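*Asks:* Sequence:
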Amino acid sequence: MAALLACGAAVQAQEVSDSTDIFYQHLNLNEIVVTGVAGSIKLKQATAPVSIMTLSDLHATAATNIVDAIAHQPGISQITTGSGISKPVIRGLGYNRIIVMNDGVRQEGQQWGDEHGIEIDAQEVHSVEVLKGPASLMYGSDAMAGVVIFHGAPTLSDGEIRGNVSTEYQTNNGLWGYSLNMAGNQKGLVWNARYSGKMAHAYKNKYDGYVPNSQFREQALSGMIGLNRYWGHSHLKLGYYHLTPSIIEGERDEETGELESSTDNVKTYAHGLPFQQVYHYKAISDNAFYLPHGSLKAIVGYQQNRRQEFEESADEYGLYFQQHTLTYDVRYLTEELEGWKLAAGVNGMYQRSLNKGDEYLIPAYHLFDAGVYATATRTFNNWTLNGGLRFDRRDLHSHRLIDDDEERFADFHRHFNGLSGSIGAVWNVNRQLNVRLNVARGYRAPNMSELASNGVHEGTVRYELGDQSLKAEQSIQADLGIDIATRYLSAQVAFFANRIDHYIFSRRINETMEEGYLTYQFDSGDARLLGFEAGVDLHPIHSIHFENTFSYVDARQLHQPAETRYLPFTPAPRWTSDLKWEITHEHHSAFTNAFVSVGLECYLRQDHYYRADNTETATPSYTLLNMSAGTDILWHGKKIAEVYLNADNLTNRAYQSHLSRLKYADLNRVTGRQGIYNMGRNVTLKIVVPIAF
Numbered sequence: 011m012a013a014l015l016a017c018g019a020a021v022q023a024q025e026v027s028d029s030t031d032i033f034y035q036h037l038n039l040n041e042i043v044v045t046g047v048a049g050s051i052k053l054k055q056a057t058a059p060v061s062i063m064t065l066s067d068l069h070a071t072a073a074t075n076i077v078d079a080i081a082h083q084p085g086i087s088q089i090t091t092g093s094g095i096s097k098p099v100i101r102g103l104g105y106n107r108i109i110v111m112n113d114g115v116r117q118e119g120q121q122w123g124d125e126h127g128i129e130i131d132a133q134e135v136h137s138v139e140v141l142k143g144p145a146s147l148m149y150g151s152d153a154m155a156g157v158v159i160f161h162g163a164p165t166l167s168d169g170e171i172r173g174n175v176s177t178e179y180q181t182n183n184g185l186w187g188y189s190l191n192m193a194g195n196q197k198g199l200v201w202n203a204r205y206s207g208k209m210a211h212a213y214k215n216k217y218d219g220y221v222p223n224s225q226f227r228e229q230a231l232s233g234m235i236g237l238n239r240y241w242g243h244s245h246l247k248l249g250y251y252h253l254t255p256s257i258i259e260g261e262r263d264e265e266t267g268e269l270e271s272s273t274d275n276v277k278t279y280a281h282g283l284p285f286q287q288v289y290h291y292k293a294i295s296d297n298a299f300y301l302p303h304g305s306l307k308a309i310v311g312y313q314q315n316r317r318q319e320f321e322e323s324a325d326e327y328g329l330y331f332q333q334h335t336l337t338y339d340v341r342y343l344t345e346e347l348e349g350w351k352l353a354a355g356v357n358g359m360y361q362r363s364l365n366k367g368d369e370y371l372i373p374a375y376h377l378f379d380a381g382v383y384a385t386a387t388r389t390f391n392n393w394t395l396n397g398g399l400r401f402d403r404r405d406l407h408s409h410r411l412i413d414d415d416e417e418r419f420a421d422f423h424r425h426f427n428g429l430s431g432s433i434g435a436v437w438n439v440n441r442q443l444n445v446r447l448n449v450a451r452g453y454r455a456p457n458m459s460e461l462a463s464n465g466v467h468e469g470t471v472r473y474e475l476g477d478q479s480l481k482a483e484q485s486i487q488a489d490l491g492i493d494i495a496t497r498y499l500s501a502q503v504a505f506f507a508n509r510i511d512h513y514i515f516s517r518r519i520n521e522t523m524e525e526g527y528l529t530y531q532f533d534s535g536d537a538r539l540l541g542f543e544a545g546v547d548l549h550p551i552h553s554i555h556f557e558n559t560f561s562y563v564d565a566r567q568l569h570q571p572a573e574t575r576y577l578p579f580t581p582a583p584r585w586t587s588d589l590k591w592e593i594t595h596e597h598h599s600a601f602t603n604a605f606v607s608v609g610l611e612c613y614l615r616q617d618h619y620y621r622a623d624n625t626e627t628a629t630p631s632y633t634l635l636n637m638s639a640g641t642d643i644l645w646h647g648k649k650i651a652e653v654y655l656n657a658d659n660l661t662n663r664a665y666q667s668h669l670s671r672l673k674y675a676d677l678n679r680v681t682g683r684q685g686i687y688n689m690g691r692n693v694t695l696k697i698v699v700p701i702a703f
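As numbered in our numbering, residues 11 to 703 make up the sequence shown, in order.
Because the hints were derived from the structure by calculation, they are not lab data. Predicted model, so just to flag it, every value in this text is computed and none were measured. Please note that a few of the clues may not be correct.
Claimed, not checked - In silico SDA-like pairs for lysine to any residue, Cα to Cα no more than 25 angstroms straight-line:
(1) Lys590 <-> Ser638
(2) Lys216 <-> Gly609
(3) Lys277 <-> Ser295
(4) Lys481 <-> Asp564
(5) Lys673 <-> Glu611
(6) Lys673 <-> Gly355
Using the sequences and the accompanying hints, generate a full structural model.
*Replies:* Printed below as a string of structure tokens:
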């Protein structure tokens, strides 16, 4: 079960290991432990909604990137640019309103850009937690919509050396993926190393054929070495990530309607023009110390992100952003004492961004972020109460730039203060019924793109202008959740209401800054979002699961006419249905943990869209048919491989996601169809071979 609090109640959540096998057991919802709060806590005691994906869920999911892997969970969506670039959306909010955590630090990779993906190796992710709703209390600015936490694999037990080799192939875009991992623990000296690679040619669909310049390549290398001792642990983690995505322009031949290509071979794995080179380097010191009445955790991380854009030549870049980020996080957590658990901490970052190309979109800048917080949790009888406060300050300084004897960017300084808080309660009525209520205040400072953009944003094909007077966003969100788990049925429903003051968005203005590009100005107003996620899992017998979920969000600007009433990039209502047969869990045969499932993804018509100046259009409904199967293969009682087969969009349905940026590419004058369509039928074969000494 992949989503908690929004679909299903029993999940595959605990890994049980011995010398011959690793397999998953279904555990009751109440026993799941989550860490995306101030310390580990059982899920039944979490006042805010949380979704979880385990390693088995990730292995059984076909995806082209890590965000694509989690985007099918209720309440979670993705803004896409082709098959290679995805940005997470939680309950209708994305971009800098979501913090992505990886290796214990917030991922900083210039995520303000529409065409900027998440620089994370999917093979390195061991499990995922998604916190839905304002999580500014622990994470600070930018966590207004929630937090996506990617966990790496835990360290092994003393004396173990384990690893795995994995590979996958996808038929639609010829994606080849591979990864090699080895890890060990020798008397407390722990280590872990992984190398991964991925490459894909252009994807195809029924209407467009192959989509030129949708190919990409990815390479990643990571390592960890450290000590596990009675006093705690100290780990050093290093990471390298390199992505080369070609940029889809979507221009068409006016006579034939076919997409124009910079190469004669649309199935090439080499990049076309234009394209990007994205490099991400990371070094993290992760330390924990056990104290007499609690624990102290300290994490310091350095990240460098380099993004180069090549337009006319593969040897000369135009835009070149180089970003340096130093993050710090120190927190103290008490042990439980008479039902009380307390936590306090300070965290933030220093960031510096440079322009090293000869084209410009945002100014060079530096910022300093600092926040202090405290939380308290009280458990008694069948109740858990949780609350806390946080104060943040962000100082932001933009550097002046003179271009062609004109001031392109002004020198200015802004600072933002934010007060965040939350209070919630969980009532464990009995073993079958939980009721939870949470109210949280969130905060987000505007980013440099919103404050000071002045240039052509090739990824959005428009000229963008910032507004230095923008205020920080402030939100109040209420969540109500009910979970029911019986022997034959599990059901959840989660309602939310979110009010955001000074919500920042971009609007088109009737001013031409550069010929051939529409001009958009960042502005702000007030917004409110209402919605819910609901799910039911029928399991009349242990091996059969019939799961159904529904997600809905209504996102509006307040006090606006019909043309600008709805927020852009609001996910369409979505219903999913999945029938799964868990064939066997026997360990004396050649196959175990075998399953087969068939599912439907139904996206309803989205007619709540930002209409002004034809910024968005309505999106018709569509339904996708998917199938999957998997098994562990044993030899003399030992697992020698995991094999998974997925078939997505079996009927080869031609469709456009409402959150696809390619939906607004050039009009096909022959067929009358606007934009580029999403991927057609795609079959994925994935094999994981464990290694143990």
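*Asks:* Does the alpha-carbon distance linking Lys481 and Asp564 stay inside the 25 angstroms limit?
*Replies:* Holds, at roughly 24 angstroms.
*Asks:* For a C-alpha distance cap of 25 angstroms, please report whether Lys673 and Gly355 respect it.
*Replies:* Status violated; Cα separation ~44 angstroms.
*Asks:* If you draw a straight line from the CA of Lys673 to the CA of Glu611, is it 25 angstroms or shorter?
*Replies:* holds (19 angstroms)
*Asks:* When you check the alpha-carbon spacing of Lys277 and Ser295, does it fall within 25 angstroms?
*Replies:* Given that 25 angstroms is the threshold and the Cα spacing comes to 42 angstroms, the pair is violated.
*Asks:* Holds or violated: Lys590 with Ser638, Cα cutoff 25 angstroms?
*Replies:* Satisfied, since the Cα-Cα distance of roughly 9 angstroms is no more than 25 angstroms.
*Asks:* Quickly compare the C-alpha distance for Lys216 and Gly609 to 25 angstroms and report which way the hint goes.
*Replies:* Cα-Cα ~21 angstroms, so holds.
The structure fails to meet hints 3 and 6 from the earlier list, while all remaining hints are met.
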